[in-house]
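Protein chains in written order, with this note's numbering: chain A, 1 to 495; chain B, 1 to 247; chain C, 1 to 122; chain D, 1 to 622.
Derived from the structure by calculation, the hints contain no laboratory data. Computed from a predicted structure; not experimentally measured. Take these hints with a grain of salt, some might be off.
To be verified - Heads up, simulated BS3-like pairs for lysine-lysine below, C-alpha to C-alpha not over 27 angstroms straight-line:
1. D/K192 with A/K365
2. B/K56 with B/K22
3. D/K192 with D/K176
4. A/K424 with D/K146
Stated by the list, open to error - Derived, one-sided and incomplete: chain D residues facing chain C with beta-carbon distance under 8 angstroms:
5. R595
6. G600
7. N601
8. Q603
9. I614
10. I615
Said to hold, decoys possible - Pulled from the structure, derived: some chain D residues nowhere near chain A, Cβ distances all over 12 angstroms:
11. T6
12. F42
13. N186
14. S188
15. I385
16. F407
17. L510
18. I516
19. I572
20. S622
From the three backbone atoms N, C-alpha and C, an ideal C-beta is built for every residue, glycine too.
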Amino acid sequence: MVDYAILLIALPLFAAFLIPLVAMVNKNWPKYIPILVTAFNSVLSINLLLYLNAHNGTPFIVKIGGFIPPFGINLFIGYLAIILLMLISFVGLMISLYTINTVKDAESRYYMLFILLLMGVTGLVITGDLFNMFVFLEITSISAYSLTAYKRDGLSLEASMKYILIGSLASVFVLIGIGVIYYSTHTLNIADISNHINTVPKYIKMFSLSMLLIGLAIEAELFPVNGWVPDVYQASPTPVTTIFSSIVVKATIYVFFRVLFTVFRADLTVMNFVMGLGVITLLIGEISALKQVNIKRMLAYSSIGQVGLIVIAISSYSSMGVAGGIYQMINHAIFKGILFLGTAYMITSVSGTGKISDLKGIAQKMPISSFIVSFSIIALLGVPPLTGFWAKMMILSSVMSSGHQIIVALILFATVVEAVYYLKFIAVIYDSSEITNSFKSTIKFNKIVPIVLFALTIILFSVVPQFLVKFQDVLLKAANELTNVSSYISIVLGS
Amino acid sequence: MKKIIATLILLVFTFYTYNTIKGFRFGHDFLNAKTNNKKISQKIEPAGKHYLENNKLENNASNVVTSIVVSYRGFDTLGEVTVLFLAATGLGVILTLTKKEDDDENENDSSEGEPSLIVKTASRILFPLIFIFGAYVFIHGHLTPGGGFQGGTIIASAYLMMFLSYSNFKINHSIFKSIESMSGLTFISIGLVGLIGFGIFLKLNLIPMGVFNTLFSAGLIPIVYIIVGFKVGSELTAVVDSYRENW
Amino acid sequence: MSWVETVYNYSYFVGAFGLIMIGLYAVMVKTNLIKILIGINLIDVGVNIFLVSLGYIKGKGAPIFSNASVTPANSIDPIPQALVLTAIVIGVAVTALSLSVIIKLYQHYKTLDISKIREMRW
Amino acid sequence: MNVLRTIALILSLGFLSSILFYKIRELRNLSIIASLSVALGFVIKFFGIYTGIKRAFSYKDLFYFKFDAFSNFFVVLILGVGLLAILASWNYMKEKKGETFFYVFFMLTILGMVGLVYSRDMLSFFIGWEVMTMGSFLVILQSNEKDRFKFALRYFIISLIGAYSLLWSMFIIYNKVHSFKFSAFNSSVFTKGELTTLLITISIGFLIKAAIMPFHTWASGAYSRSPLTFTAFFSGAMSKMGIYGLFIFLYGSIGLSAIYKTGYNEFFQTSYFQYTLVWLGVITAFLGTLRAILSEDIRVMLAYSSVGQLGYMLIGIGLGSTLGLTATLFHVVTHGLFKTSLFIVVAAIIHRTGKTKFHELGGLINNMPIAFIATLISIITLAGIPPLGGFATKWLLYEAMIEKRMFFATAITMLASIGAFLYAYRLIQNLFLGQRKLEHDDVKPAPLTMQIAMLIPALGMVFLGFFPNLLIKYTNLFIELINIDFFKLGVKVTDTAFTNSYGYWNAFYLGSAVVIIFIVSTIYYNLQRRAKIYKIGQLDIYTAGEYVTRETPLNYSFNFYGFIFDSLKPAIKYSVTNFITRISKEFIALSDFVRRIYTGNGQHYAIFTMIFTIITLIYFLS
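Next comes chain A alone, as it looks inside the complex (with noise of 0.2 angstroms):
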């Protein structure tokens, strides 16, 4: 029985229409809801993990209403969606730990979009239905757009309206390829559209393939359509910020690599494209943070760069790269959520306005998330023996084995400018010149036990070695989900 799967997605819809109801009662209550939410979540998830476990790593599917796969919508979950979902169960527990006391004239509304939104992604990374696909996608960004304006002030807005503008385009694309592919195969599901994909005619399929790509490249925030990344990561409150980098790209490229390599069965020239597309995105995204004022918009600059590093990686279609791109999804999220909550934390007790110059000397008033901070730079640019170090390992041998050497080349330079702007950070803040600003020193448990986690988390996956071997396993067989066609269709739709 583990069609209790859906409580996934059912409790958080259920908790955010039941938020309103709550606020009317009393007004604090609402912000502990994420809470108990996301630690559901993350205890499912877990408890999925073992079922999995027993029962030899097959996935599965739920059936929603009763009908059976081709008729009905169904989920498809196997180790790569529990590793993701218990990703974004995680930092959304992590991330809802933190949001306490910290949204200013914090409303029931913030809290029930923000479980909307970890909803959204998780649908996304479950469903097995093209259409549901597309109205998690919906969801998602439609509570993005709401979380980015959320400050209401003018950048928010400006912010909030250009992701609208672009994010309309990528829905669009979205439905026009979902509808060729529709009317090619006269089905939805995933798996069934991937069992006739073969017999459409090439032309209209690779309309539908690029039509798919284009939206999905702009949520997965690739390079040519991500203009609107920067803006929006640096103009929404902090933990909306950090559900973006951690979680919501993350749902994203999957969906993106899910559509191309389940529904399309992709070949070698759209994975070329694709790893162009990654090479690009790196570079733009590294080169770009150089110069950059501003912390949040710098970590912008550089979660599009992990992003490209995680598109090459799982386009280089190989079981190592994929489960490579995979651990780097993992380590990406984690190490994002300790830069974007810990600078935070450090830019509010300076009340900067989130400038690298504000956090000057900040390391002698705060040194625990000074190190932490800088702990999890180290561990981001692959120093070993760190996490960072072996999914970068597994990357670049499979990139390398696929006869790519030039984009080894690019990943490692593109490594080097990242290290330069991070380390100027860390020598920011460890600068013990003199410290210019007010400091109001106050330990916010709720704030600093997300980033202690986090962080422990990181020397988990670095020092375990046992846990580490596990882990690839697993990892490989997440991989192996993801590429496997035949496997998914004969779950799915059965022998």
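Assemble the complex: chain A is given as a structure, and chains B, C and D must be docked to it using the hints.
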């Protein structure tokens, strides 16, 4: 310059779209066409055909589109409802006035832009009629074209009319909010009942299916659509109200 | 098939993509935010028409079995209609949200010109 | 228990205790010193036993380590120099700002280095390499210099470029050989072009760490800005890791025949690649010496001196002959000894006086006699004057170069060693002799631990000067160990001398002769002095009929080699440092240009989207 670029882009886009559409067969009866393609390992009929043929058996709703929207793809509809809910919430968030801006526009001259008496009276009469029409549309969603979304929109339009004719017409926010929440909760609860009872989320044939093509048919579909109608109506009204209040 | 014939036969598709093209042109060229939003709405409408026309089958009617003359065999494909319903609702939601953003933007910047609203760049 | 595991355990315990007791100075320092000396003793104890026998262990078929004499040679250097540096830091770092974490990161660096030296696969080598770089970067940040961040960053970034160059070549190898083990390398699966790429990327990685020109730009800043006792370790042991890496990659793994495959020159009997290495070494030795001569800051001078000395080692590597490799290994030891000693002397002087420039100091011989003796012995070794060890290096090196018919290069190298004498002389003349500054009258002698730390290497140098053959006996063995079996052993060793095809060098006889002459002349001098008691003080002179007071500067020490500087002025502005600074500026300008693609105008983003659409459609549909 921008125009030239845009035109060029659109020309290329049109070229490729045209080439693609050329491959389509408009109006072709693909539901009943026979495919003898050997590439497919397992032959599965088009989903549309399956819905048309099995709808009566599985859902007992005479409107197949409704049974698809509510039953076969009920999960989508849940998402759709969520999207509207999100839009209403986000709108409320964005349009909430911050206190600083409040002071600038504090002129309450309500009498000047007031519509004439004829408009007011007519809308007062029309309001219940439109309301009932909306209710009719969503109650009969499984029998006739229409349904929860359409009916909800009609109800919201009734409120819109009232907003237009009475500049000081106010709705009770907490009631609307509660309706919104309660209907959403009910929708999910119906889904959860199926999950708890049968292990299937959103199972809609829990109650007797009734007689085909009558009001009491199609299991839980009309009930879900009524809930959706309430929800959409209250949400869209809230949206319109937000605009009006915060302009 | 000559292109005139194609256009004639596929008038729904042509209309749908015509709307999409007009909308895209507005999005790319017009600087007024409201006009851009209208452009987006045109694209939405175009896509919806496109989706509906995908399910159309010549000589068949709506899939509502309220009288006996309608049978599964002479109904059109109902799925695109269900999809369009969802797509319309989503389009409405996005439009409502973006209108509210535009209202607030106007109050803040006192302009609707998109090229002047660029405090964040580079 | 496995020796390797024991050493790892001992060092890790030291590291952990440095973390645990990071605030309790005595406990922390003692535990670190204890762990280092136990490890050192352990290595030395098994040094002989495992000579030639290769003790190895691997973990998960991924990490592969070996305990053999070649590695032990370097490990003894690392642990020894590390021990001395930490000993010296006890007083030097006392009550300084970065004291607490200095030891933690120092131990981290040592751990990484020991790991990389024992590793016999590229993956663990790389991990050790990065840990070392990271640790040293963090140590530099613990100093009190104001501009330490700038130089530490430069060091780290350039090191990262080197490391990634190495990583790239590792992946090129792994992609073909499917193993990271050094021994698994098989040159037959590589084409000539690939081999050339490999050689270039590998050598870039190591030349950067060894600060060979043109990759030396980080060296002067990083050496002079880190805590000076660490610089002793940095220059004395860490810079040799580049040399070690070249050894193990070029000759231990890739092999001479594969290097020859990339292009062989009949006249020089060497490959073009090696020829380039030799010339890089020669240029580095010459220009590094020149820059050292022109430096006014003691620390910068020693930094450039290190650069120049590493150049000598590279020459030996590039030659690739037994003589050359022997010279390099020999120089690794002598350079380790005298640079450690010199940096600790300088650290002591700066610690006591707070001055870092030559012209601010002088006449310290009476205040710091032990430091003077250590300096004297060190610079004799540095300048390559017989009878001390430096001469043996030079002798072997010149012979090796002449053997390969590189006469012009030899001439320049000889010129460079004369230059080495020039700058080394300044250390004596400007620091210890001459006129003492007024404010330095009551400068105390160097702290005890630093005195110990500077004297031990001095003794080592004297010992090596008399018995170079003992070391050469081992270096022959090492060269054998790293699989260069096709070399004929060119250097024969007897008890007191070593011989090769070009001649014969018995350091013991010569050294004894020098000592005897020294004793005799001392006795003679003292007898003479007793005869005429006529003592001349420093101020017993007149200028323009005026008495000279202590305030009058008598010592010529500012801009000491100014005439050389003046003659080279036009050339100096074309330095590599300026070039790299310019490149980085251009790059930042480029990045500023690139990010302008995010114009901030939402409509532009929409247009980008449409352009992307068109590109995608054209790519996929035509």
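Hint check results:
Distance restraint check for D/K192 and A/K365: the Cα-Cα separation of roughly 57 angstroms exceeds the 27 angstroms cut-off, and the hinted pair is therefore not satisfied. For the proposed pair B/K56 and B/K22, the alpha carbon gap of about 36 angstroms is over 27 angstroms, so the pair is violated. With a C-alpha separation of about 14 angstroms, the suggested pair D/K192 and D/K176 falls inside the 27 angstroms cut-off, and the hint holds. A C-alpha spacing of about 15 angstroms is found between A/K424 and D/K146, which places the hinted pair at or below 27 angstroms, so the restraint holds.
Taking 8 angstroms as the C-beta cut-off, the interface hint given for D/R595 holds, the closest approach to chain C being about 5 angstroms. About 3 angstroms separates the beta-carbon of D/G600 from the nearest beta-carbon of chain C, less than 8 angstroms, and the hint is met. At about 5 angstroms, the closest approach between the beta carbon of D/N601 and any beta carbon in chain C falls short of 8 angstroms, and the interface hint on this residue holds. Contact between D/Q603 and chain C, as hinted, is supported at the beta carbon level, the nearest pair being about 5 angstroms apart and thus within 8 angstroms.
The restraint placing D/I614 at the interface with chain C is violated, with a minimum CB-CB distance near 11 angstroms, outside the 8 angstroms limit. Proximity of D/I615 to chain C is violated relative to the hint, the smallest CB-CB distance being about 16 angstroms (cut-off 8 angstroms). In this structure D/T6 is separated from chain A by more than 12 angstroms, as the shortest Cβ-Cβ distance comes to about 20 angstroms. The beta carbon of D/F42 sits about 24 angstroms from the closest Cβ of chain A, which is more than 12 angstroms, so the claim that it is off the interface holds.
With a least beta-carbon separation of about 17 angstroms from chain A, D/N186 lies farther than 12 angstroms from that chain, consistent with its non-interface assignment. The non-interface label for D/S188 is consistent with chain A: the shortest C-beta to C-beta separation is roughly 19 angstroms, beyond 12 angstroms. Under the 12 angstroms C-beta cut-off, the non-interface status given to D/I385 relative to chain A holds; the minimum distance is some 43 angstroms. Here D/F407 stays apart from chain A, with its beta-carbon at least about 39 angstroms from theirs, past the 12 angstroms limit.
Every C-beta of chain A lies more than 12 angstroms from that of D/L510, the closest at about 48 angstroms, which supports listing it as non-interface. Distance to chain A confirms D/I516 as a non-interface residue, since its nearest Cβ pair spans about 55 angstroms, more than 12 angstroms. The beta carbon of D/I572 sits about 28 angstroms from the closest Cβ of chain A, which is more than 12 angstroms, so the claim that it is off the interface holds. Remark: the non-interface label on D/S622 conflicts with the geometry, its nearest Cβ contact in chain A lying 10 angstroms away (cut-off 12 angstroms).
When held up to the earlier numbered hints, the structure conflicts with 1, 2, 9, 10 and 20 and fits the remainder.
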